[in-house]
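Participant: Listed below are the residues making up each chain.
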Amino acid sequence: MLVKPISNLGRSGIEFLTALGRALLVLLHALIGRPQFKKHFPLFVEQLYVVGVQSVMIIIVSGLFIGMVLGLQGYNVLVQFKAEASLGPLVSLSILRELGPVVAALLFAGRAGSALTAEIGLMKATEQLSSMEMMAVDPLRRVISPRFWAGFVSLPLLTFMFSVIGIYGGKMVGVDWLGIDEGTFWTGTQASVDLYDDIAQGWIKSVIFAVVVCWVSLFNGYNCLPTAAGISKATTQTVVHSSLIVLGLDFVLTALMFN
Amino acid sequence: MKVNWLEFIVGCFLVAGIAAAVVLALKVAGLTLNTDAKEFYTVYGRFSNIGSLKVRSPVKLGGVVIGSVSSIQIDPKTLQPVVAIKLDRRYSELGSDTTFSVLTSGLLGEQYLGVKPDFASMDDDGNPVYLKDGDTTNFTESAIVLEELLGKFLYSVSSSKADSGSSN
Amino acid sequence: MTMLQDPLIRIENVTFFRGLRKIYDNVSLSIPRGKITAVMGPSGTGKTTLLRIIGGQLKPDSGSVFYEDRNVPKLGRGALYELRKRMSMLFQSGALFTGMNVFDNVAYPIREHTSLPEELIRTLVLMKLETVGLRGAAFLMPSELSGGMARRAALARAIALDPELIMYDEPLTGQDPITMAVLLKLIKELNTTLGLTSIIVSHDVSEVMSIADYVYLVSGGRVLAHGIPDQLKEERHPDVYQFIHGLPDGAVPFHYPAGNYLEEL
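Residue numbers (the numbering used here), protein chains in the order written: chain A, 1 to 259; chain B, 1 to 168; chain C, 1 to 265.
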């Protein structure tokens, strides 16, 4: 009676660990090895375009709106305590420490991660990966590795862009619209933002998130069932898994960094 | 010249990302590039209570930031907090009697170190004595602790009540 | 079993499971050098699996696969990749890389494995495309090709590095009669002019039998029959007879096993 759920639990536990192990092996296999810069660099540049440049628009627009909303909401609360002068620190710290890395990673997972999964899944379904293998070309190094590195480089840069645009969005609302003094805004910000504690740690977060999102999306694509249904499931999984991992990891990282 | 647009756009992307990082560092974190103008000297202030003063709290003279707190330690002998105050070399003519006090910006604001310059005392030759790098000063005013303030206030109220009661 | 002279590939006692299903049960067969060998059988008997085992993409659960004197499942990664440069495979869908045009697809293996100058690559690629009759389509994208053209382009890519062995995975499936004829002609021509060893996996019996030198009939995880095409046509074994002659009912019944029809109604 009680055996069945327990054995099911055991099986899914084993399956989970197997998938995790396979994902790690795939990643290591893709990344470790003698790089052939001459052959792989153009691939990397191409992927920077697909993964990075094509995500710029959504990052900039979201960053602007999130910054503006923060400015508006923050002002409304702070003005009750006559503390509008703290709007600069409020907006910049919340963006630099949390919203920048996290929201950029979530958007990146939705925009670039899902596209990576679908692309790799489609290559698998149409036997392109197999045919590469039969041509004695390692698809992990040829296909997975440039995409991984492109994401790894792109997301931190996108996060910087997001943060800058967001802070300027908050400044636009607070200073140009609601009439806080510009000098107050910037001196308050500069007094409370630290290059290492805030900007560099936000950057570290975004690097870690980049690894997570790229890893999840590439592995889901590589591991998907080579059918239309399999690809769509893998794409959904990419967004769900990477969002959950990013949010969970953000808590852990915040606890480690800022306590 | 044949321009590879893909590479060009990717180049723009990289530059934009790095530029964003630079803007964050300069404009948001207030990092300054001309380090040669920013030479510092450090003086040490002995306080009895520093309140919630923190490392990197600003040091202000008449509202102008002239330096920052670079470290806070306890002197193991006197068991008093010693604050290392990093001051801009441009403001080196602070007399030895200058007072450093822990102040609060606004009612809810953070604490900072206020500088009140005094006339410099003269040495034997009649030259003014300024604070030098490595000097330790005891001219400090500690933070106002709300509990102590309230305690004094309550004591004074009750004692004045007691006075008026006894006179009746 | 008649041992063939100088086989290129010998498959010995291979057993292969997919999950719990036994795809191959102690199968042995050999592929003669320089000939066209057809592996035929009903759908779903794992014919493609056989090609992947030969190519080392799948490892058999037991048994060995010898390519000349090398046991493919036991090869290390480096040796396997070296060996794969000598073989190539034409996938069912063609498996052209969708991101690049026909020319770059054909040039791909050359660019990956050699460092020839670009002019020489261009000459080589155009030669290969001329062989399959697609020189004019060099700058089309795979999405602009018809199914038959995609397979011919993929064939040009498969012979780009002049392999010893080509494995065709269902090359004729879903093609119109003209395309089929074109592909059969190409397979035959490549085999004779380049001295290739070819393995065709297919269930288009009459078409493949017309060009094959030797035929294996695989079903239910075993080799049912093998021999030259004419021998198989004479074979009276009911399974073989039904498959070769394409009869709807016979040893493989028309009806999926079910209860009594009248009772169920």
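It is worth saying that the hints were derived from the structure and are not from the lab. It cannot be assumed that every hint is accurate.
[Claimed, not checked] Examples of chain A residues lying across from chain C (beta carbon under 10 Å, computed):
(1) Gly-10
(2) Arg-11
(3) Val-56
(4) Arg-111
(5) Leu-122
(6) Met-123
(7) Thr-126
(8) Glu-127
(9) Glu-133
(10) Met-135
(11) Ala-136
(12) Arg-142
Each residue gets a CB set at the ideal place from its N, CA and C atoms; glycine is no exception.
Participant: Hint by hint, say whether it matches the structure.
Facilitator: Here is what the structure says about each hint:
1. Gly-10: Check failed: Cβ of Gly-10/A comes no nearer than 18 Å to chain C, outside 10 Å.
2. Arg-11: With a minimum Cβ separation of about 14 Å from chain C (threshold 10 Å), the hint on Arg-11/A is violated.
3. Val-56: Violated, because the Cβ-Cβ distance from Val-56/A to chain C comes to roughly 21 Å (cut-off 10 Å).
4. Arg-111: Violated, because the Cβ-Cβ distance from Arg-111/A to chain C comes to roughly 19 Å (cut-off 10 Å).
5. Leu-122: At 8 Å from the nearest chain C Cβ, Leu-122/A passes the 10 Å test, so the hint holds.
6. Met-123: Since the shortest Cβ distance to chain C is 8 Å, the answer is holds.
7. Thr-126: 5 Å, holds
8. Glu-127: 4 Å, holds
9. Glu-133: 6 Å, holds
10. Met-135: 5 Å, holds
11. Ala-136: With a closest approach of 4 Å, the Ala-136/A hint holds.
12. Arg-142: Arg-142/A check passes; min Cβ-Cβ to chain C is 8 Å, inside 10 Å.
Hint check: violations occur at hints 1, 2, 3, 4; the rest are consistent with the structure.
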